[in-house]
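Protein chains: 2
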Amino acid sequence: MTNRIRLADLAQQAGVSTATVSRVLNGKDTVAPSTRKAVLTALDLLGYERPERLRPRPSGLVGMIVPELTNPIFPIFAQNLESTMATAGYTPLLCTQTAGGITEDDYVQMLLDQHVAGIIFVSGLHADSSASLDRYNRLDELGIPVVTINGNQPDIAAPDFSTNDAAAIAQGVRHLASLGHTHIGLAMGPDRFIPSQQKALGFSEAMENLFPGEPAPIVNTLYTVEGGQAAAAQLIAMGCTAILCGSDIMALGAIRYCESSYLRVPDDVSIMGYDDSPLMAFTNPPLTTFRQPVRSMSEAALTTLSTLMNGTAASPRSLTFQSELIVRKSTGPCPN
Amino acid sequence: MTNRIRLADLAQQAGVSTATVSRVLNGKDTVAPSTRKAVLTALDLLGYERPERLRPRPSGLVGMIVPELTNPIFPIFAQNLESTMATAGYTPLLCTQTAGGITEDDYVQMLLDQHVAGIIFVSGLHADSSASLDRYNRLDELGIPVVTINGNQPDIAAPDFSTNDAAAIAQGVRHLASLGHTHIGLAMGPDRFIPSQQKALGFSEAMENLFPGEPAPIVNTLYTVEGGQAAAAQLIAMGCTAILCGSDIMALGAIRYCESSYLRVPDDVSIMGYDDSPLMAFTNPPLTTFRQPVRSMSEAALTTLSTLMNGTAASPRSLTFQSELIVRKSTGPCPN
Numbered sequence: 001m002t003n004r005i006r007l008a009d010l011a012q013q014a015g016v017s018t019a020t021v022s023r024v025l026n027g028k029d030t031v032a033p034s035t036r037k038a039v040l041t042a043l044d045l046l047g048y049e050r051p052e053r054l055r056p057r058p059s060g061l062v063g064m065i066v067p068e069l070t071n072p073i074f075p076i077f078a079q080n081l082e083s084t085m086a087t088a089g090y091t092p093l094l095c096t097q098t099a100g101g102i103t104e105d106d107y108v109q110m111l112l113d114q115h116v117a118g119i120i121f122v123s124g125l126h127a128d129s130s131a132s133l134d135r136y137n138r139l140d141e142l143g144i145p146v147v148t149i150n151g152n153q154p155d156i157a158a159p160d161f162s163t164n165d166a167a168a169i170a171q172g173v174r175h176l177a178s179l180g181h182t183h184i185g186l187a188m189g190p191d192r193f194i195p196s197q198q199k200a201l202g203f204s205e206a207m208e209n210l211f212p213g214e215p216a217p218i219v220n221t222l223y224t225v226e227g228g229q230a231a232a233a234q235l236i237a238m239g240c241t242a243i244l245c246g247s248d249i250m251a252l253g254a255i256r257y258c259e260s261s262y263l264r265v266p267d268d269v270s271i272m273g274y275d276d277s278p279l280m281a282f283t284n285p286p287l288t289t290f291r292q293p294v295r296s297m298s299e300a301a302l303t304t305l306s307t308l309m310n311g312t313a314a315s316p317r318s319l320t321f322q323s324e325l326i327v328r329k330s331t332g333p334c335p336n
Numbered sequence: 337m338t339n340r341i342r343l344a345d346l347a348q349q350a351g352v353s354t355a356t357v358s359r360v361l362n363g364k365d366t367v368a369p370s371t372r373k374a375v376l377t378a379l380d381l382l383g384y385e386r387p388e389r390l391r392p393r394p395s396g397l398v399g400m401i402v403p404e405l406t407n408p409i410f411p412i413f414a415q416n417l418e419s420t421m422a423t424a425g426y427t428p429l430l431c432t433q434t435a436g437g438i439t440e441d442d443y444v445q446m447l448l449d450q451h452v453a454g455i456i457f458v459s460g461l462h463a464d465s466s467a468s469l470d471r472y473n474r475l476d477e478l479g480i481p482v483v484t485i486n487g488n489q490p491d492i493a494a495p496d497f498s499t500n501d502a503a504a505i506a507q508g509v510r511h512l513a514s515l516g517h518t519h520i521g522l523a524m525g526p527d528r529f530i531p532s533q534q535k536a537l538g539f540s541e542a543m544e545n546l547f548p549g550e551p552a553p554i555v556n557t558l559y560t561v562e563g564g565q566a567a568a569a570q571l572i573a574m575g576c577t578a579i580l581c582g583s584d585i586m587a588l589g590a591i592r593y594c595e596s597s598y599l600r601v602p603d604d605v606s607i608m609g610y611d612d613s614p615l616m617a618f619t620n621p622p623l624t625t626f627r628q629p630v631r632s633m634s635e636a637a638l639t640t641l642s643t644l645m646n647g648t649a650a651s652p653r654s655l656t657f658q659s660e661l662i663v664r665k666s667t668g669p670c671p672n
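Protein sequence lines correspond, in order, to chains D and Y. Reminder that position 78 of the first sequence reads as 78 in the working numbering, one-by-one numbering, no gaps. The number in the working numbering is simply the position in the second sequence, starting from 1, with 336 added.
Worth double-checking, as some hints may not be accurate.
Distance ranges between label pairs, derived from CB positions [said to hold, decoys possible]:
(1) D:212 - Y:660: 49 to 59 Å
(2) Y:373 - D:174: 43 to 53 Å
(3) Y:631 - D:191: 23 to 33 Å
(4) D:320 - Y:660: 42 to 52 Å
(5) D:33 - Y:544: 46 to 56 Å
Simulated from the structure, these hints should not be mistaken for laboratory data. The beta carbon of each residue, even a glycine, is placed where N, CA and C say it ideally should be.
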């Protein structure tokens, strides 16, 4: 049994008149595409089923390969890419990995078997300076359009869409220095990832600039809660009063370490995250972090992939994005 | 350039001897499957690439259709299903929706075009009492094995794996009553979803049992942060000192409403979530909630789907799972 659709509810949700809703539902083509989309979105949000004639005919499979879904930045990338692709008429296939499970290369082979039109790699092996690049060259030879997000490996020809990690971390150092901190540490995942290397570079340069000759300790563990916990323990033992973390979930681990050591955040130790993944405004304390412009990055990556898939790209360009400093409550003045 | 693999690191991570690691890497078949898996997991965790000969040959595409990825319970279901499928040798295809984007039916068609071996629906239209069931009957006619997670629509033949929502909410009411609360409200998403109906049923029965004749207010909004905020406003205006929410992110919205109204959680108002999605231990205050047994549900769903795909199922059964009450700090004694 299908509920009858209430035009007034739809009109209110979409911000249009009931007459317009009716025109869209009846498939009239006298409606602007943006209005049509607003009405379809209202249908979905209010949970009505779309009438058959309004279902888009998706064209072209596009693979999205993400490392995993437990770090909340990856679901949000996947969600934004999916939304962008659906709007553009592509069918997204999301390939997510787990330790011990299916690898990036397995997924690529599967996507090729399914005659995929293009592939977006998010924080994949392209971001790992120790990984072989043959896989990307092979896709290039096969003529499969590829773009990468986060981890601009310079030896890959595919256009890349990454945040300027070095600049963000340098801004983080300045934020902490302005609060009076001089003993600042960097907690990072494995050093072989290009974003790790970029963050370390930005950190070392900013520290050398602000505190020449002083120690600028960097601890490499894993990009997990437990990794953050372990790195914080080491950095605090070295005397750090402020810790920049390579990801938000590392920062949550660092905060957990402080709690277990009866150190208050930010009264005793300041902690900064990276990504501004969802829900970071709800943590205790709300996390000061850097927001990756996920939507802009997703849109730019898909627009470029789309021109490559249409064969119309003159010279596709990589783009660098700026992360924004979001100051919440996990950073504060240096204790005396 | 590929880094040389350090046997000692792998052996330590996998908890086996270097000789065993060496046997696995050389593809010897004198190693127990569980040991082999531990070494492969260690390879992945430490970020080494798997030698070609150790790559599994995936067999059979299995579609997972989830509603969206912004509610953190869905990425965790996807991640668990992916991991379970990879272990079982299937290739998971994750289909995620956004408002205005690709619908469940579009994805089903795409999966059929790709000759999918089976489909798992998580909180899909099968959970919507107003949705047409024709789509599931059609898959049944086509002989495509299907299982559903959360939302046991009684008229669908496919085996279902859901939590006992009514029992959990009733336990929540008893938890709050034991803290002295008598004015308890339920904040839910739309009423047409079967889990919403089950939660409302459990709530009404428990309230009638503990406080016969007293009001047991239920407010239906949306399963989002903003939905929780709006529902909390209404329930608190009605005099509730404790609010059970239909999802964790609704509970975060309810907490946000309390903050903006200068009400302390849990001193003035107690708030409970539902799902125990990732990071809920890190919220302010840490959230009291119900944990869905995501891994057990995923494994049971895939095991049953697997027997259906092999054509060996005598009579596949639905299973009901119990959510666990996780008491953290968002619930406390009723204020005077």
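Going down the list of hints, with the structure as the test:
{"no.": "1", "hint": "D:212 - Y:660: 49 to 59 Å", "result": "holds, 54 Å"}
{"no.": "2", "hint": "Y:373 - D:174: 43 to 53 Å", "result": "holds, 46 Å"}
{"no.": "3", "hint": "Y:631 - D:191: 23 to 33 Å", "result": "holds, 32 Å"}
{"no.": "4", "hint": "D:320 - Y:660: 42 to 52 Å", "result": "holds, 46 Å"}
{"no.": "5", "hint": "D:33 - Y:544: 46 to 56 Å", "result": "holds, 51 Å"}
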